[in-house]
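*Asks:* Those protein sequence lines, which keep their order, are chains A and B. Each residue of the first sequence is one higher than the one before, counting from 1 in this note's numbering. Each residue of the second sequence is one higher than the one before, counting from 1 in this note's numbering.
Rather than coming from a laboratory, the hints here were simulated on the basis of the structure. On a predicted model such as this, the values are computed, not experimentally measured, just so you know. Quick reminder that beta carbons are idealized off the backbone N, C-alpha and C, glycines included.
Listing some non-contacts, in silico: residues in chain A with all C-beta distances to chain B over 10 Å:
{"id": "1", "residue": "15"}
{"id": "2", "residue": "20"}
{"id": "3", "residue": "31"}
{"id": "4", "residue": "64"}
{"id": "5", "residue": "66"}
{"id": "6", "residue": "67"}
{"id": "7", "residue": "91"}
{"id": "8", "residue": "95"}
{"id": "9", "residue": "109"}
{"id": "10", "residue": "113"}
{"id": "11", "residue": "116"}
{"id": "12", "residue": "130"}
{"id": "13", "residue": "142"}
{"id": "14", "residue": "145"}
{"id": "15", "residue": "153"}
Computed Cβ-Cβ distance ranges for the label pairs, DEER-style:
{"id": "16", "chain 1": "A", "residue 1": "180", "chain 2": "B", "residue 2": "129", "range": "25 to 31 Å"}
{"id": "17", "chain 1": "B", "residue 1": "8", "chain 2": "A", "residue 2": "149", "range": "28 to 34 Å"}
{"id": "18", "chain 1": "A", "residue 1": "112", "chain 2": "B", "residue 2": "158", "range": "35 to 41 Å"}
Number of protein chains: 2
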Amino acid sequence: MTLDRVMTFAKKLLTERVISGDCVVDGTMGNGHDTAFLAGLVGDNGKVLAFDVQNQAVENTTTRLKELGLLERVNCILDGHENVATYLSAYEEKPLRAAMFNLGYLPGGDKSIVTTPDTTITAINVLCKKIERKGIIALIVYHGHEEGKIERDAVVSHVSQLNQKEFDVAKYEFINQVNDPPFLLLISKK
Amino acid sequence: MTLDRVMTFAKKLLTERVISGDCVVDGTMGNGHDTAFLAGLVGDNGKVLAFDVQNQAVENTTTRLKELGLLERVNCILDGHENVATYLSAYEEKPLRAAMFNLGYLPGGDKSIVTTPDTTITAINVLCKKIERKGIIALIVYHGHEEGKIERDAVVSHVSQLNQKEFDVAKYEFINQVNDPPFLLLISKK
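Could you put the whole structure together from the sequences, leaning on the hints where they help?
*Replies:* Written out as structure tokens, the structure reads:
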């Protein structure tokens, strides 16, 4: 290890911030790797709200969580993350302190189904409003595919305009790698 | 604190990497704040080679180090960091594991005297060659001044071309702040 990869860096920050009993959001369930990580952080009294628009993602994640004995900590939701506000309302007694997104397509799945700027930005806006102070939204942006570049530009442009009195927005990226490596966007409420 | 400022992040990484007895380079002594920090890391048997082209910087730094009882750990050199190779040769028995630069002008000094792309890149090249594996070169880039933008572009372009098989090069920056906030470049040898 020389410098932390973007995912490692994101996980370190979330591990520092999330407290047992919190509510956290996994905006892109995918194959459930991050969902399981987040379920580990929130403990038995916490809750992960995990979203995906693909059945395959929900199935893969459910299987993984069952194997790990973590399924009870997670609400696996077959819906777009743009509807996060609807689901959050049931958990208002739990502090929302973190959210995580992998923007792009489902690894090993249908590469034509990708996250899109509009829904991603809607979800970010809801989470920015609902998240606790010092809470972190981590977005790992995969932009190797054509639509990925459009989403990247739209999301970066949007979060760059978040009021600096209310939010820190940082970007962590490797700048000497070929093939559009993923980079990390971090939003933290002051 | 929500997200680490660029200087805090750089110092955390150097604190993790530098081992007592190491040699480290402060490419831009300035008022000696970072020199003192580095002197703390290398211990009684280590050495900081600190460079600046301005007498005022060497004087300010020497005064600070004396007050802190750290002067013996530092070689305060009134010369440009592009000549770092000449001075390093006297310390070859000590592993070179870190270097730090603040690119821009001396805070509180003559704002017309600034670091320049050519000398900065020469220093980076020497350090990339001499530094140990896992060693880190941290550059905090102040680019609010006119020449700062030229230096920023030249340095970012140069380090972006470092071979990814030999080096990790990462950028950490706040993207929602006005007034050209400084950003961090990190180079680590694999």
